[in-house]
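Colleague: Residue strings, one per chain:
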Amino acid sequence: MRRTPDFESVKTSADLLSVARLMEERSAERYRELAEAFEISCNLDTAEAFRMLAEGEDRHAADFPALVGDAPRTIPWGEDDPEIADPGAVHYLMHPWHAVDLALCHEQETLALFTLVAEKSPHAEVRAEAARLVERETRHVEEMRALRDAQDIPPEDWEDDDDPPNWEAGD
Amino acid sequence: MTAVTYSAKDFKSDVKPVWCPGCGDYAVLSSITKAFADLGLAPHQTSVVSGIGCSSRIPAYTNTYGFHSIHGRALAVGQGLKLARPDLTVLVAGGDGDGFSIGGNHFLHACRRNVDLTYIVMDNRVYGMTKGQPSPTTESDWDASAMAPPGGTGMTPFHPLAIALAAGANFVARGFSGDPNGTAAIIAEAIKHPGFSFVAIMSPCITFREEQREWKDTMRKVAIDSTNDAAQAARRLMTDDGYNCGVLYRGNRVSYGKEKIATAQVADLDAEFTL
Amino acid sequence: MCGSGGAGVMTAANMFLDAAAEAGFYALFGRSSGPQIRGGEAAALVRLGVDPITSVDDTFDIMLAIDWQGVQRFAAELPLSKNSIVICDPSAGEVPEAYVKSGARIVHLPMKDLAKAIPGGRPNMIALGAVAALIGFPVAPLTEVLGKSLKKKRADAFEASVAGVKAGAEAAATLGECKKIGAPKAKDVKRWTITGNYGTGLGAIRGGVRFCAAYPITPATEVLEYLSSALPKVGGVFVQAEDELASVNMCIGASYGGEASITSTAGPGLSLMIEGLGLSMASETPVVVVDVQRVGPSTGIATKCEQSDLNIAVYGLHGDAPHLVVAPNSISDCIFTTQWGVYLAEALQSPCIVLSDQALGQSRGIIDAPADVAFVGKRLVAEAPAEGEVFKRYANTASGISPMPVPGQPGCQYTADGLEHTETGTPTSQSSDHVMQLDKRQRKLTGHDYGNHWATIEGEGDIAVITWGSCTGAAREAVDRARADGVNAKLIALRLIYPTRPEHLGDALKGVKKILVVEQSHLGQFTRYLRGEYDLPVKPEQLSRPGPLPMRPGEIHARLLKMGK
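Chains as they are written, first to last, in numbering that gives the first Met the number 0: chain A, 0 to 170; chain B, 0 to 274; chain C, 0 to 564.
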């Protein structure tokens, strides 16, 4: 499900920075949830990778100035904003490489989104701020690519499951 | 006194879900807690009631008053709670097996009765907690699980929205776990709408129905405005392919139940029997 | 008094009972009818006296038949003796053989012809007048009752009925002699007229119940009939649920919300509610379920009494699931025991099954006004934990009772769960948690002080008659008769069926040399329960029979005399 960004609703540079910061925060939150889910299903390496990603997003969020006024309740391009990992895109046997690769995809999508804003926003101030965010996100993409390439490449049969799914006794 | 406002996080508990990584129910949990926060509710004035199944584990993951009851009976518990305590916000949640198979009769009568509560069904068209049997909403030819008969059940899938509409539900909507923000908005509307509000949320089971991962590409936001004309809503539903999300029907029936007003003391009841 | 539907026997009998109440008599009124919704054969079974009545008698003194349509069906329920009188209309044809065989005196009263002679006259009023005159029942209260019930409708109907009663009374002179009722004793307490099922409803409200969800079922329907109109008056809620599964679970939901809740049913419905009762038990959410027992198994005989739901009530829940089971032993006691049951359920956060039965529930009695007792349900209320501490809904307290919050209370949010849980309510599969919660849930029941209410105990003697429910009335009368014959027995009617009170029963049985268990069950469920749950000092004798025939005092009396030899 994709929505067309609502360029009109982001009117100022401050609006855009608030949105960008919120995206990083929510992304961190989602990675933390994923880390917990992987801890519960005993895939600790991948859980650790998601924790590391969450901390990275925390740092990205902290790069932005503290919010002025009310935080935007929603993001103008919807909940499925690029920097939020889709919980449906994970598998309980996935490796840290997959986790970082997923994060890389999201960084790339974020980059694409800000590139679009830098071109299409009707407000000059927003276009200029978006251009600066594009530089920033380009760095994030490169960092993430390096991080992914530093991970062990998973074996081809990583999805092969020797154990049938478990079920909760008692429910 | 300053009003305390609660964030979505305040509605989550410290208990960590036992759902599979990638389960759609994580996002539904987020949507529910976001809807509560967006409506300005307080955790102690909110209640989440469920039956049994993967998704029915949800009350423990919220910081509201919760009841994890028995298989199929969540709506009964929820209606009893709401009728006894109209001041609380009551949300009943569960899965397709819990709600439409073992709890099917309660679903029909809850729609008819129209108690002011919201019922969320996380529909993944499979029994996940017992290893993958076909559920009432499973496609009739689905046999990918060892638990399904070869060639599928041959049974017509249950159509929750059409049945809810026919049985008298006052609010009928479909959401998708892959669209948590849109789903949160639908849930918030459902809670605000008087009477029985039904929200079916397509929530993939990535363990037993791996093909449901594709829902993120097939589900769409509803392209039509909602209606309060049941006949129109029914026509839309019967030609719908099941992938349209949004609010389909907003009825205007009055909620069940009268205001509780005592007109007599307990001792006054003796008079009927006294000679 | 019997006749086919439309003959007005029920109306006549109800008026008779009202008049008896007016005049200061005690009475017990039961009914028996065919399966037809309209027009079926019906019998009104009335016992009248100057002293309190809690049992049917061995035989009927008078049987009045307006017609004989299908009445032979009731032969076993209408025992007559050679001292009885059968009054019938000569136009109704042959007296069925079963009644002839009894040796009762058969007399004719042309009720239809006498009624015809009065404009608007009805045979049932002729019957009423005749029976009243025959037993020396005063006419004034009858006329008064006729006035109350008919004058509002039509003055001519009242005139016709009074004339009918008068004609019947005059005609009674031709019927010969009959046992006389005697003069009523002065009332030292007010009298009530009530059925057991209405009493159950009233007791529930007295105990604090403000929510009922129920599904109709014979013979429990009158409980919901009463509560559907009475509950809203006191600010409560009544819901007719779609089935018994919904009933019990709606009650559990309401109870979780802080309202004392009740549902009523009979055996088939109780079977459906069992899973819900397990949830109530495990999640410690109180709920009261009234089971007005009828003949089982399966659909059985819906309109007749049997005490055969004991096993399912006590042992029906899966898992180790101790819970409250209480049983009223008279119409009046339906009020008290239900109220007490609500009180106990609320105090102990437990499901409570009130095992009433058809004979208590659907019989109407004239009784002494019941005392208004102080048992009003009250839960141990929770307080929010200190900052930084977690609220423990299922805290392992010394009493086993954990404080229970009411939703809306800040800081005490918890999830009630039927899954085994930790003290905070989080699901667990650890043995230590399971054992802790099992112990806690058992301790709160066994450790409670139930006072003297665990049983009704009357008299002293070498023999103990242990019984329960509607058999108590017959057993009481038998014990009284045996005492007059020089055989002393002690009556023990258990009110608290579960948890058991071994020490208390042990004390009550001290010095007892023989035990007779009286119950209405083919398997002898109560006897088995007593022998399984209690260390009885001697092996008990058993007097049991399945429904639908009631246990009568005579047969218990005969057994007591035999045991006393």
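There could be a bad hint or two in this list.
Here are the simulated EDC-like cross-link-like pairs (lysine to aspartate or glutamate), alpha carbons at most 20 Å apart as the crow flies [to be verified]: (1) K130/B to E54/A; (2) K15/B to E422/C; (3) K189/C to D267/B; (4) K8/B to E54/A; (5) K8/B to E35/A; (6) K8/B to D37/B; (7) K8/B to D162/A; (8) K189/C to D269/B; (9) K130/B to D57/A; (10) K11/B to E35/A; (11) K130/B to D161/A; (12) K232/C to D37/B.
Hints are computed from structural coordinates only; laboratory data are not their basis.
Colleague: Hint by hint, note whether the structure agrees.
Modeller: Evaluated hints:
Between K130/B and E54/A the CA atoms are separated by roughly 35 Å; this puts the pair beyond 20 Å, and the hint is violated. With a CA separation close to 17 Å, the supplied pair K15/B and E422/C stays within the 20 Å bound. Restraint check: the Cα-Cα separation between K189/C and D267/B comes to about 15 Å, which is no more than 20 Å; the hinted pair holds. For the hint pairing K8/B with E54/A, the CA-to-CA distance comes to about 18 Å; that is within 20 Å, so the pair holds.
Between K8/B and E35/A the CA atoms are separated by roughly 15 Å; this keeps the pair inside 20 Å, and the hint holds. Annotation: proposed proximity of K8/B to D37/B holds, straight-line Cα distance about 12 Å (limit 20 Å). Restraint check for K8/B and D162/A: not satisfied, since their Cα atoms lie roughly 34 Å apart, outside the 20 Å limit. Taken as a hint, the K189/C and D269/B pair is honoured in the structure, with Cα atoms around 11 Å apart against an allowance of 20 Å.
For a cut-off of 20 Å, the pair hint linking K130/B to D57/A is broken: about 38 Å separates their Cα positions. As the CA atoms of K11/B and E35/A are separated by approximately 14 Å, the hinted pair is consistent with the 20 Å bound. Straight-line distance between C-alpha atoms of K130/B and D161/A comes to about 15 Å, which keeps the hinted pair within the 20 Å bound. The hinted pair formed by K232/C and D37/B fails the criterion: a straight-line CA distance of about 38 Å is larger than 20 Å.
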